[in-house]
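Asker: Dock chain B against chain A, hints included.
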Amino acid sequence: MDKNSSIIIMIAIMAAATFITRLLPFLYADFLKSKSSIKKLGDWLPLMIMPILIIASINREDLHNINKLSIHLIGVATVLCLHHLFRKTLLSILAGTSFFILLQNTIAG
Amino acid sequence: MKASLKMTFPVLLGHLPVGITFGYMLSNMGHDWWYSIFFALFVYAGAAQFMALNLLSLNSSIFDIFLLTFLLNFRHIFYGISLVDKLRGSLIKNFMIIFGLTDETYSLVTTEISKKGLSLKHSDIKKISLLNYLYWIAGCSLGGLLGSYIKVEIKGLEFIMTALFTVLAYEQFMVRSSYKILISSISIGVCSFYLFSNASLLIAIAVCAILLIAIPHKKVEAKDG
Numbered sequence: 001m002d003k004n005s006s007i008i009i010m011i012a013i014m015a016a017a018t019f020i021t022r023l024l025p026f027l028y029a030d031f032l033k034s035k036s037s038i039k040k041l042g043d044w045l046p047l048m049i050m051p052i053l054i055i056a057s058i059n060r061e062d063l064h065n066i067n068k069l070s071i072h073l074i075g076v077a078t079v080l081c082l083h084h085l086f087r088k089t090l091l092s093i094l095a096g097t098s099f100f101i102l103l104q105n106t107i108a109g
Numbered sequence: 001m002k003a004s005l006k007m008t009f010p011v012l013l014g015h016l017p018v019g020i021t022f023g024y025m026l027s028n029m030g031h032d033w034w035y036s037i038f039f040a041l042f043v044y045a046g047a048a049q050f051m052a053l054n055l056l057s058l059n060s061s062i063f064d065i066f067l068l069t070f071l072l073n074f075r076h077i078f079y080g081i082s083l084v085d086k087l088r089g090s091l092i093k094n095f096m097i098i099f100g101l102t103d104e105t106y107s108l109v110t111t112e113i114s115k116k117g118l119s120l121k122h123s124d125i126k127k128i129s130l131l132n133y134l135y136w137i138a139g140c141s142l143g144g145l146l147g148s149y150i151k152v153e154i155k156g157l158e159f160i161m162t163a164l165f166t167v168l169a170y171e172q173f174m175v176r177s178s179y180k181i182l183i184s185s186i187s188i189g190v191c192s193f194y195l196f197s198n199a200s201l202l203i204a205i206a207v208c209a210i211l212l213i214a215i216p217h218k219k220v221e222a223k224d225g
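Order-wise, the sequence lines are chains A and B.
The first sequence begins at 1 in my numbering and counts up one residue at a time.
The second sequence begins at 1 in my numbering and counts up one residue at a time.
Accuracy of the hints is not assured; some may be wrong.
[Stated by the list, open to error] Which residues of chain A face chain B? A few of them, derived with a C-beta cut under 10 Å, are:
(1) Asn59
(2) Val76
(3) His84
Derived by calculation from the structure, the hints in this document are not laboratory data.
Note that the Cβ used here is the ideal one computed from N, Cα and C, for glycine as well.
So here's chain A without its partners, still in its complex pose (with noise of 0.2 Å):
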């Protein structure tokens, strides 16, 4: 198979792959609503989810990498503050991250 249409059919089955994920709920729609359980994912899954979110978000060599590390939570706790006193998203993230790459580019090198 050559080189471009290998990347064709990837790019069809993991189109598919992705959107199986995505749509199966909606699919099972009645019979997940009907689920006290289903409520319960709905209501706290996303508080759940965010701070694993940012860990994902973290770049994974970071992780393992002490300095790198502390200036990632230096920087999470920086945009927790800001958005703590002001309430602004915007703000609380791009000071946030103006601080991180200041940090980065300075400490870390």
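Answerer: What follows is chain B alone, placed relative to chain A:
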């Protein structure tokens, strides 16, 4: 529209550099730049697309590609389950939201639902979903083009996604405060990312879902802070 643009702006800032990185890497592997657009248009899953770069260089089988993508994106099933009773209407009406149910869109949409409840309009959810999709397509295409011409490096900008999830975690916590839930989630996340390499995101989210189903409702609802 203005409100949706403002709300999704952090995702734009995150999707552009990450999409550019993806497109850039794909082009650098010797593939035509427009394959990046196809990936963004049809696959539309960040983590899976980066995995695809590895799979391409490994000459993986069709079965491997399907299984790995399915497992990596299995977390979307939990996202869908938690939205099922909040999205009314037919599958076709909700197509954009279902097709575009990424980590970022799910986070924004659930935060909006928590804040606004039933007053949140269906069209607003659709706008958030569509805008995030467009940002991703723009990023991947741009990266693909750049990769076939020049070399760029954006150091530290990827923290935007971390910052976005941090703000969203804060907002979720304001709506539903439970230190028990928060601490369990952080512990599960940390353990999972240090113990398992490839399936860590899936394992962490699956453990959370199982834990939530297993513990009695009253224990979760009881505020402990």
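Asker: Hint by hint, note whether the structure agrees.
Answerer: Right, here's what the structure says about each hint:
1. Hint status for A:Asn59 relative to chain B: holds, with the closest Cβ pair at about 7 Å, below 10 Å.
2. A distance limit of 10 Å between C-beta atoms decides the matter here; for A:Val76 the minimum to chain B is near 5 Å, and the interface restraint holds.
3. Checking A:His84 against chain B: minimum C-beta separation of about 7 Å stays under 10 Å; hint holds.
Checked against the numbered hints above, the structure breaks none of them.
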